[in-house]
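Residue numbers (the working numbering), protein chains in the order written: chain A, 116 to 445; chain B, 171 to 505.
Read the hints as simulated data drawn from the structure, not as lab findings. Each hint should be verified, as a subset may be incorrect.
[Said to hold, decoys possible] One-sided and incomplete, this derived list gives chain B residues near chain A with beta-carbon spacing under 7 angstroms:
#, residue
1, Met233
2, Ile235
3, Arg267
4, Gly268
5, Met273
6, Phe275
7, Ser280
8, Ala281
9, Leu282
10, Val285
11, Gln295
12, Arg297
13, Gln445
[Claimed, not checked] Pulled from the structure, derived: some chain B residues nowhere near chain A, Cβ distances all over 10 angstroms:
#, residue
14, Thr244
15, Val312
16, Gly395
17, Tyr422
18, Arg435
19, Asp446
20, Asn456
21, Pro468
22, Arg478
23, Asp479
No residue lacks a Cβ here, since even glycine has one placed at the ideal position from N, Cα and C.
Here is what each chain is made of, one letter per residue.
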Amino acid sequence: MTEPTASSPTTEDTQAPPAPEQAAPAGSYSAGTSARPAEAEKPRGLWGDAWHDLVRRPMFLVASVIILVLLAMVAFPQLFTSVDPNHADLLKSREGPSAEAWFGYDLQGRDIFSRTVHGARASVIVGLLATLGTVLIGSVVGILSGYYGGWVDNLLSRFSEIFLGLPFVLGAIVILTTFNSPQEIPSGTRVIMQVVTSIAVLSWPIAMRIMRSAAIAAKQQDYVKAARALGATPRRIILRHMLPNCLAPVLVYATIALGGFIGAEATLSYLGLGLKFPVVSWGVMISDSREFIQASPHLLLFPAGFLVVTVLAFVMLGDAVRDALDPKQK
Amino acid sequence: MSEVDVTTGGRLLDVEDLHVEFRTRDGVAKVLNGVSYHVDAGETLAVLGESGSGKSVTAQTVMGILDTPPGHVTGGRIRYGGEDLLQATEERRRLLRGDSMAMIFQDALSALNPVYTVGFQIAEQLRTRRGMSRKDATARAVELLDMVKIPNAKQRVKEFPHQFSGGMRQRAMIAMSLALDPQLLIADEPTTALDVTVQAQIMDLLDELRRERGMGLILITHDLGVVAEVADRIVVMYAGRIVESADAHGLYARPGHPYTEGLMRSIPRLDLAGQDLATIEGLPPNLMRIPSGCPFHPRCPRAADPCRDTVPEQHDLGAGRTSACHFAEELIKSE
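So that you can see chain A by itself, here it is in the shape it has in the complex (with noise of 0.2 angstroms):
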């Protein structure tokens, strides 16, 4: 019994050396070289950099995490929940949760659960398309505004001062009741897409306004003043110089806006401009439960924290991604 696990090592110290003895000096030649440390450490851009920089913050993993499971609901809900969402029994009108149905029945007896797995969609559809119209007129007119300067950024500045200076909540309920009279049901999609207009008509100026600065920051940069003295064109210029070191601060402002213009959805929707019937949305679902609050707090708890939890999760994405992008506070 000794014999063979005495022998085995022996066995393994004559054999087995000469393996590591020729690996080692491969190993420790190639990293000698320049070759090999540039593959272990691949040279990274701003970006790469604030990747690198992101996954190690807790913050922006457990936003991700949250952001996932929302994006996982709005594209399959059937996955969470097999009960159709407007499927009404009156008898179980209010009834608190249970086993059976988690989060308890609504007024007209319809599970709460599934309607807020369901309603997720028309909230994060309504955030995402209404963030990306804010930052695609914003990021354009900011963007002009900032490279020309002059009179062409006096009048795109004064023209977004004027959506700027209307209160948002009463501009939307303006442009709103202007599309759809109080008597008529507007389809889903149309009342989606006229909810979507009016949050982008009124937050553009936001984001044109961080766009503007960051471009006349970059434009007195020596890199733009650079490509100009190679003759690159004013396009060029702006899309290929300007555009991706002035894109960081709008992309903060994007993620936190994401969640603000959720909870805009919801607060027209619960003022009754927003989405309505058959549409399901947090916010319809808030507005439904207005007059029993009271009574049946459940109907009102559970999509609220949907929209508190969601909305928390972008401002934090949003953060972790500000502090990711901004090299001063490293």
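Fit chain B to the given chain A structure using the hints.
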């Protein structure tokens, strides 16, 4: 692209009586007040002067990259190969930039775009201006980095500007500006941000490239040491004017303007160690309120009555030298 014949060493650039003012909220600053200089192919012209004397503004006006507003050209001519650039269309000037004339900046880190690799930035112009494929352009970028003596160019072409050291960045910047083979290179304080040993290397490189390519080089600097080594001719600027223009040897041997004299005296010298360094008293003038007469007279040790109310003409001192001083002739004969 351009019609300039490099081999004859003919006149490349002719700046005549250039006037530029900056219109700001606080008033109008007369930044250039009749600047004239010229550069021949294959020649190094050094433009000397303090900060705010108008060296860089002249260069930017020549390149056509002056920020308007606040900068406005109010007079003069800039001839490049006989063509008046101030009359040319913006599109024509854009095509000349990079292709015929290029510029390198003081701080190469901020002059390189942080979001792109060095190779991409060099290749970009080759692709857009020469229609080269991405692959060919990158190969050419490697050659260019090799040309400016960046070791391991094949590898470094894929790196970002922040991964380069200060000297390497300036080399990369030079490679970038020479990608389209310009005949005129303007170097705006190319070595100011670098340490002394690297400064010398960059100056040598620029000098070598100028000789090999027979291009004209305008070297903007406030460093008299840098100038002494490489310049063929020197113009000294003060308050938006050329105060003295001379060949490098002549200027160092005998300055023809009290301002140049003052600059020379304020170079630290080892044999005078321990003594107080000579300085030029006072500050450069506020360009919104340039003194009457000779703009230098409040600081000039030789100032006399005519200096206070008569703007000095350019006095011809022979051998291609001029000086804008009422007492230029006496000054050059003294000592």
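Tested hints:
1. Met233: Holds. Min distance 5 angstroms.
2. Ile235: holds, 5 angstroms
3. Arg267: holds, 4 angstroms
4. Gly268: holds, 4 angstroms
5. Met273: holds, 4 angstroms
6. Phe275: holds, 5 angstroms
7. Ser280: holds, 4 angstroms
8. Ala281: holds, 4 angstroms
9. Leu282: Check passed: Cβ of Leu282/B comes within 6 angstroms of chain A, closer than 7 angstroms.
10. Val285: Nearest chain A Cβ about 4 angstroms off; hint holds.
11. Gln295: holds, 6 angstroms
12. Arg297: Violated: closest Cβ of chain A sits about 11 angstroms from Arg297/B, beyond 7 angstroms.
13. Gln445: violated, 39 angstroms
14. Thr244: holds, 18 angstroms
15. Val312: At roughly 15 angstroms from the nearest Cβ of chain A, Val312/B sits farther out than 10 angstroms, so the non-interface label holds.
16. Gly395: Non-interface label on Gly395/B holds, nearest chain A Cβ at 24 angstroms vs cutoff 10 angstroms.
17. Tyr422: Its Cβ never comes within 10 angstroms of chain A, the nearest being 31 angstroms, so this holds.
18. Arg435: About 33 angstroms separates Arg435/B from the closest Cβ of chain A, which puts it past 10 angstroms; holds.
19. Asp446: Nearest chain A Cβ is 37 angstroms from Asp446/B, so the label holds.
20. Asn456: Given a closest Cβ separation of 23 angstroms, the condition holds.
21. Pro468: holds, 32 angstroms
22. Arg478: Given a closest Cβ separation of 39 angstroms, the condition holds.
23. Asp479: holds, 39 angstroms
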